[in-house]
Structures are given as C-alpha cells and as structure tokens.
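Construct the complete structure from the given sequences, taking the supplied hints into account.
Which chain is which? The protein sequence lines are A and B, in order.
Quick note: the first sequence, position 42, residue 42 per the working numbering, numbers continuous.
For the working numbering, count along the second sequence from 1 and bump the result up by 150.
Rather than coming from a laboratory, the hints here were simulated on the basis of the structure.
This structure is a prediction, so every number in the text was calculated from the model and none was measured.
Check the hints yourself; a few may be wrong.
Unchecked claim - Heads up, incomplete: computed chain B residues facing chain A, CB under 8 Å, no partners named: (1) A601; (2) I846; (3) L915.
Where a beta carbon is used, it is the ideal one built from N, C-alpha and C, also for glycine.
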Amino acid sequence: MTMMFALAIAVLFAAGCYLLLKPDFVKILGGIILISNAAILFIMAAGLSRGREAIYPIEPGQRVSDPLVQSMALTAIVISFGVSALMIGMIYRVYMAHRSIDVELISDIEEREVQIEEEERLDQSIDAMPDREETVADPAAEREPQAVAT
Amino acid sequence: MNPLVVVILVSLAAAPTTALAGFWRPRWAGPVALAGTALAFAAALWNWHSPGATVDREWAPTWGLRLHVQSDGLAAVYSLLATGIGLAVVLYALAYIPSHLHHQHRDDGDATRFFAFLLLFMGAMVGLVHAQDLFLIFLFWDLTAIASYFLIGYDRQRREARISAIMALQITCVSAIGFLIGSLMLGERFGTYQLPELIAQVESSRYVTVAMAFMLIAALAKSAQAPAHFWLPRAMAAPTPVSAYLHSAAMVAAGVFLIGRIYPLIALSDLLLDVLTIAGAASILVGGILALSRDNLKQLLAYSTISQYGYVVLMFGIGGAYGVGAASFYVLAHGVCKCALFLTAGAVSEATDQRELSNLGGLWRHYPLLAVASGVAAAALAGLPLTIGWFKDELFFNAAVDDGFPATLMAMIAATLTFAYMGRFWLGIFAGPDRGAGRSISPLLVWPIVALAVVAVVGGIVTGPFVRLAAAAASATLGRDVDLHVGYAINTEAKIALVVFASGAILVATYRFWREFPVTIAILGAVVGPDRIYSSVINGLNRLSDRIHWIEVRDLRSRVASVLAPAAVLFVVSLVMTRFTGPFRTGDLKSGDGPIVLMLILIGIAALTAAAPRNHFSMVLALSGVGYGLAVVYSLLRAPDVAIVAVLIETILSLLVFGFLALLPADVDPAEVIPVDDPEQQAQEDHALRDAGLAISAGAFAFVVAWGVMSRPAALESVIAEHVALTPDAHGSDVVTTILADFRGFDTAGEITVLGIAFLGAATLLRRRVAR
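In structure tokens, the structure reads:
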C-alpha cells in the first residue's frame with residue numbers, strides 16, 4: 001500500500017509539474033491545483049495508523065485513523081483553495097490588462113516596456129552629467145575596462 | 151591612560167569626526183582633519199616611547215576571536231609613518247583639494263569626502279599595525295582596501311578613475327581572501343587566532359607552508375609586487391595627495407607590513423623565502439625598467455614604488471637580522487622620500503598644468519625652494535650620502551653581501567635603476583632649458599615637502615632614532631633583540647654605493663641613446679602582461695553574469711527554472727549523500743485496500759488526462775475528477791472530515807474555475823484556435839517533449855522522497871493516543887475537529903485570517919474594472 005500511495009503522489013506531482021511548465025496561465029493554475037493535491041495526499045498517506053474513524057465513542061485500545069494528519073490535511077485543503085482562488089483573480093486581471101493569458105507574450109511586452117523605460121532614463125542621466133564631453137566621447141568603451149597601457 | 155588605546159581610538163575616531171564636521175560646515179572638514187591627524191601623530195609618538203602595552207579583550211569567545219592589540223617596534227614604525235605622513239598629506243591637501251575641485255567644477259563640499267576617507271585610511275592602518283588577532287588584522291586589512299577604493303575613485307565623474315578604483319579593490323580584496331583562508335587553516339589546526347600564540351607553537355610542516363602561501367598572496371598583491379603590480383600605476387587616477395599617502399604610508403606599505411608581521415611563520419619554509427626573493431627581484435626589474443620608460447610624472451613614481459617595495463620584499467626573502475632590520479628601515483626612509491616626491495609632482499602639475507616630463511624643465515629658477523626640497527628627497531631615494539637614503543642602501547647592501555654574489559648583483563642593479571630614474575625625474579623637472587614659469591605655488595603645497603626633506607636630511611646625520619626604530623621593528627618581527635649599526639665608513643657597502651652612483655650617472659647622461667629599450671619592454675608588457683589577463687578575466691565574468699542574468703529574467707518560466715534547477719541539484723546531492731538505512735517497504739495489501747488502489751489508479755488516469763494537451767474545459771473537468779477521487783480515497787481511509795471538506799472545496803473550486811472560464815473568450819485558449827502549421831507550432835511541440843522529461847524526473851524524485859519517508863514512519867504513536875484521550879476533556883467527540891478548534895485553535899485562527907485576506911484579494915481583483 002505504501003508504494004501505491006507513493007506512486008499516486010508521484011503521478012499527481014509529475015502531471016502538475018508538466019502543466020506548470022506550460023506558457024498558459026490557466027494550465028499553470030491547473031498545475032498548482034494538482035501539486036497541492038499531491039501534497040495533501042502525501043500528508044494523508046503519511047498517517048501513522050489506520051483504523052476506524054477517530055470519532056467517539058471509541059472503545060479503549062481500538063485503533064483509529066491518525067487524526068493529526070487529518071487536521072493537517074484539512075488545513076492544507078483550505079489554504080490551497082485560497083491560493084487557487086487568489087490566482088484565478090490575478091489571471092483574470094492579467095487577461096483584462098493584456099487581453100492574453102500567454103505568459104511568454106506578456107513577458108515579451110513587459111520586456112519591451114522596460115527597455116523603453118531604460119532608454120529614457122539613460123537619456124536623462126546623460127543630460128544630467130556634469131562633463132558631457134567625456135561621457136559621450138567613447139560610448140563603445142564604456143562597457144569594458146581596457147588593458148592598461150603599461 | 152594607556153597610550154595604545156589612545157592612539158587607536160584617536161585614529162579611528164578622526165574619520166567620523168571629520169565627516170560630521172564636514173556635513174555641518176563644509177569648510178571645517180579640512181581643519182578638523184588636520185587636528186585629528188596631528189593628535190593621532192602625537193599619540194603615536196607617545197605610544198612609541200612607552201612600548202610593550204597590550205590590550206586583550208574577549209570579542210567572540212565561541213569562535214576564539216579576541217580584540218587583541220599590542221604595541222611593538224613594527225607597529226611603531228608603521229603607525230608613525232601612517233600618522234606622520236598623514237599629517238604632511240592633510241596639510242598639503244588643505245591647499246590642493248579646493249583647487250582640484252575648482253578645476254573640475256565640483257562643489258567644495260566634496261572635500262569632506264576626501265578628508266573623511268583619508269582619515270579612515272589612516273585609522274585602518276593604525277588599527278592594522280597594532281592588531282594581533284588574525285581576524286582583526288583581516289578586518290582592518292579590508293577596511294584599508296575600502297578606503298582606498300573611495301579615494302582612488304574620488305574623481306568619480308571620470309571613467310578612468312572609476313575603473314582604477316574597482317581594479318585596486320578587486321586585486322586587493324580578492325587576494326585578501328587568501329589571508330582569510332590561511333588564517334582559517336592555522337586556526338583550525340592550532341586552535342587559536344592569536345598571532346603571538348601561533349608563532350610560539352607552530353612548527354614547520356607542509357600544511358603551514360600552504361597556509362602561509364595563501365597569506366603571502368594577500369601581502370604581495372597589496373604591496374603591488376609583480377605580477378600583481380599593474381593596479382598601482384592605474385591608481386594614479388587618484389588626486390595627488392592620495393597617491394602620496396597610498397604609496398608611502400598606507401595600502402602598499404600595509405602589504406610589506408603584513409610580511410613583517412607574519413614573518414616568523416613564513417621563515418619556517420625556505421620555499422616561501424625563495425618566493426619572496428624572486429617576487430622582490432622581479433618587481434625591482436619590472437618597476438625599475440618601466441619607470442625609465444614613463445614620461446608621466448606620477449606614473450614614473452608609481453613604477454618606482456613597485457621597484458622600491460621590491461627591495462623590501464627581497465630583503466625579507468634574504469632574511470636574517472640585517473635583512474629584516476634593513477627592510478623596516480627602508481620602508482621608513484622610502485615613505486618620507488616618496489611622499490615628498492609625489493607631493494612635488496602634484497605641486498608642479500598644479501602650477502604648470504603639465505604632467506609629462508618632456509613638457510617640463512628648468513623650473514629651479516622659478517621654484518628654488520621646491521627644487522631644493524624635492525632634490526633632497528630624490529637624492530635620499532637614490533641613496534646619496536648625508537641623507538637617510540645612504541643608510542637604507544648601506545643596510546640593503548650589507549644584507550645582500552652577506553647573502554652572496556647573486557643578491558649583491560641584484561642589489562646593485564636595483565640601486566642603479568633607482569639612481570637613474572630619480573635623476574631623470576628631478577633633472578627632467580628642474581634642470582634643463584627654461585620653459586617659463588607657471589602660476590605661483592601656494593606655500594601650503596611646498597612646506598610639507600620641505601618638512602619631509604628636513605626629516606630626510608636629519609636622518610642622514612642623526613641616525614639614532616631611525617635606526618633604533620628599525621631595530622625595534624626587526625626585534626618585533628624576529629622575536630629576538632636585534633642591534634643595527636650604521637655609520638659613515640669606507641667599507642664594502644660604501645664602495646658598492648660609489649660604483650652604483652657612477653653607473654647610475656652614466657645611465658642618466660646617456661638616457662636618450664637607450665630610451666627605446668625600456669619603452670619596448672613597456673609595450674611588450676602591455677601586450678602580454680598580467681593586466682591583459684586581468685581585463686579578460688573581468689570581461690569574461692561580466693559576460694557570464696550578463697548571460698545568467700538574461701536567462702534568469704527572460705521570462706517567467708526561466709525565472710522559475712533558475713530557482714528550481716539549483717534546488718534540484720542540491721536535492722540530488724542530498725539524496726546521494728543521505729545514507730538510507732533499512733529497506734523501502736512496499737507495505738502489505740490488506741483485503742479492504744482494493745477500493746483504495748482502484749481509486750488511486752483512477753486518480754492517476756485523471757491527472758494524466760488533465761496534463762494532456764486538451765482545451766481548458768476538459769482540463770478542468772479532469773481536475774475535478776482528481777479532486778473527487780481524492781475525496782473518495784479519504785473516506786476510504788476513514789477520514790470523514792477530510793472527505794467532506796474535500797468534496798465541498800472541490801465543488802466550489804470547480805464552479806469557480808468554470809465561471810472564470812466563462813468570463814474568458816474562447817479564442818484565448820490556444821487549443822480552441824484552429825492549428826496553423828507554422829514554425830512556432832513546431833517549437834511548441836519541442837517544448838512539450840522537454841517539459842515531459844522535466845515533469846517525469848520531478849515525479850520520479852517525488853516518488854523517491856514520498857516512498858522513502860513513508861517507509862520509515864516515526865516509531866512513536868503516543869501523540870495519537872494523547873489526542874484521542876484528551877478529546878472528551880475538550881467537550882468534543884470528533885478528534886479531528888477538536889484538534890483544529892481547540893488543541894491547535896490558534897493555528898486555525900491564523901489560517902482563517904489568511905483565507906480571509908486571500909478572498910478579499912480575489913474579490914477585489916475580480917471586481918475592479920481595468921482601465922485600458
């Protein structure tokens with residue numbers, strides 16, 4: 001049984017990872033849900049004892065299912081639901097802003113925006129330099145320290 | 151009051167005081183700095199006259215670190231240099247820095263930065279020379295590097311200055327790691343980081359040799375010995391007072407100071423002494439020849455410094471009482487002269503706006519006092535009689551003659567080179583045809599030079615204090631009493647000196663016939679020299695860092711991968727390193743487990759279906775299947791609370807996701823669009839293969855971890871029994887809910903808060919309209 005649980009956890013986790021690598025926000029959401037499920041199953045399967053429900057009346061000496069992992073699993077289920085809900089909200093906002101849920105498309109757009117911003121900032125800082133002559137004299141050499149003329 | 155404490159505290163407090171004064175009233179930075187340096191110099195003098203004081207306090211006892219400082223001869227030499235030369239330099243800078251800032255159209259308030267960092271430099275030097283704890287030494291050592299970084303890069307609007315500052319910082323700080331490694335090696339083996347204790351108990355062994363070799367890397371790189379010499383001429387980008395201080399009393403001197411401090415440990419290995427000898431000789435030649443090739447005043451002096459400290463390192467390599475004594479005396483004499491020469495170069499450039507020897511000449515007519523003072527300093531460096539330089543050379547030749555013919559020859563070559571470039575320097579500026587006067591020079595720029603020249607002459611007549619100081623330093627280095635004697639006499643050393651003067655004079659007179667030789671060597675050095683290696687290493691690292699940065703930030707997935715991939719490597723390493731004891735247990739299948747296994751298989755199929763490249767809708771359906779399947783498994787595991795919550799949550803989540811999908815138009819789903827046969831599509835499919843590989847390996851690791859953990863359950867089950875037994879006391883009958891609501895009530899309260907915030911966030915995100 002132990003190995004069966006481990007296998008099931010592994011399949012859930014692998015499927016989740018696969019979805020996580022997709023460039024599609026909804027699939028990423030699915031991946032996170034699957035990985036959460038793998039974690040919850042892991043917690044449940046790691047219980048130390050199996051027996052009847054841990055609900056009174058329990059006769060002395062009777063084995064019950066490990067109640068501790070159950071409470072942990074409950075917490076995990078609820079929290080992972082909260083994470084998923086928040087993510088849905090964010091994806092919706094991303095869609096509204098970019099009209100796309102393609103991660104790569106969106107990051108391309110962002111990159112271009114950052115580049116434009118940086119160019120603007122560079123222009124401003126050159127204007128602010130005290131000795132403009134020196135800064136613009138050799139723009140190619142600005143990047144790397146050259147060998148010393150010993 | 152203990153003079154040792156006074157000198158260290160005054161030196162260290164000088165920098166922050168200056169900075170505060172400067173921030174309050176920029177005009178006050180200079181005078182406050184002058185007062186601080188003067189006080190520090192007075193304290194250093196006082197400290198010299200009451201030697202042997204020690205302060206030893208606990209610092210970090212669990213690591214064996216102590217605040218251990220001690221005043222001895224070696225500390226006296228270098229602290230007097232640091233504060234005395236510091237005084238001359240600050241005095242000079244009072245006139246120099248304002249006009250320097252004026253030339254560059256900078257704010258006068260920038261002077262504060264200069265004085266504060268110069269005094270920080272001085273404080274770090276004074277702390278360094280007194281420290282006896284290896285970590286304390288390391289701390290002050292790096293503090294000098296940091297101060298030098300800010301001083302070399304003082305003209306921060308100049309690219310040249312910035313590059314030079316970074317280079318000095320990199321060379322000295324990276325090599326300082328060598329000192330740290332050596333310290334840790336010694337501390338690990340011998341159980342103490344206190345230098346006196348180490349010197350008392352360490353014996354020669356290969357381990358010690360390796361540790362000391364690491365420390366030597368730091369010392370030689372800092373004292374700009376070949377092949378790490380190239381940062382020093384670059385550091386000439388600094389304002390002249392900084393160069394003067396850097397070369398004569400701080401930074402570079404710190405390198406040879408460290409050799410003097412750890413010398414007893416170095417001397418345990420003949421190999422390391424040979425390394426010192428070779429490094430010293432190489433630096434003498436490289437520095438001396440390149441100094442002859444330079445036209446720029448400060449560059450000439452910079453190479454001269456490399457060569458001069460080559461002398462000192464060579465003398466340490468020769469060793470013995472005279473070698474070590476001569477080394478300390480040399481540092482003292484060199485500090486005084488070299489500072490005066492740098493200040494001369496600065497004053498001349500300030501007056502004439504010229505920095506090249508070929509553009510200068512005949513200035514003795516216009517600045518006679520400056521000419522005499524710097525002539526004395528140059529003569530002293532060249533070793534002419536009636537100056538302190540005569541004795542530095544006498545001690546040097548003495549040590550070399552004792553060592554044998556090769557050392558004597560080396561010493562003669564060294565002294566001849568020095569004579570030649572000093573002659574070139576002074577004659578080039580002050581002698582020759584008159585090229586007209588420059589502006590008048592402020593007396594503040596001249597008098598410090600005169601004062602230093604007076605010291606050089608006094609040292610040539612009244613040798614007592616200087617020789618006693620050097621002997622005390624040698625005693626501190628060698629750990630036994632050293633007696634040095636100098637005096638004017640016709641002996642072997644004097645004859646050598648005469649030969650040197652003659653050949654040096656010939657070299658100066660015939661300079662124009664052979665000047666192509668050093669220039670050729672300089673060009674060769676620029677092509678294949680170590681600075682080329684340095685810049686290619688730096689550029690390579692820069693490119694590597696750019697590439698990694700690019701991979702890291704390119705898109706979200708590579709950003710995630712740049713976190714996950716190193717984590718995966720660490721994980722594999724830890725998995726390999728972990729020693730598994732006991733077998734992996736498959737666990738027994740009981741009769742009632744059949745339904746659970748069946749459900750698990752179904753869940754697996756559902757998960758794989760969800761991952762298969764279908765549209766969003768079928769993915770969410772498959773996810774719901776997984777969720778409900780898990781709920782069934784939980785109920786079969788006799789966990790009714792979990793099963794009920796799982797069903798509830800799964801229902802809500804499925805509804806939420808379906809509702810969300812309804813909000814998105816269908817064409818946003820790539821799977822809903824009619825596939826177009828284009829290269830991008832092809833790339834997507836390649837990605838699918840790569841992703842599948844990654845996912846399968848991730849799953850494999852999850853399997854190993856889960857199976858490994860579950861095969862070795864904790865032995866104690868008492869906590870279950872405890873919870874079960876306590877439940878009726880908490881007025882509950884369901885153990886799980888009682889745990890959540892009572893035993894771990896605070897956790898649950900926190901969880902509810904988290905959930906509340908998450909829902910507030912989600913609701914806000916879903917409701918607010920986006921303007922675009």
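Hint-by-hint comparison with the structure:
1. A601: violated, 34 Å
2. I846: OK, holds: I846 (chain B) within 8 Å of chain A, min 6 Å.
3. L915: Where the cut-off is 8 Å and the nearest Cβ of chain A is about 3 Å from L915 (chain B), the hint holds.
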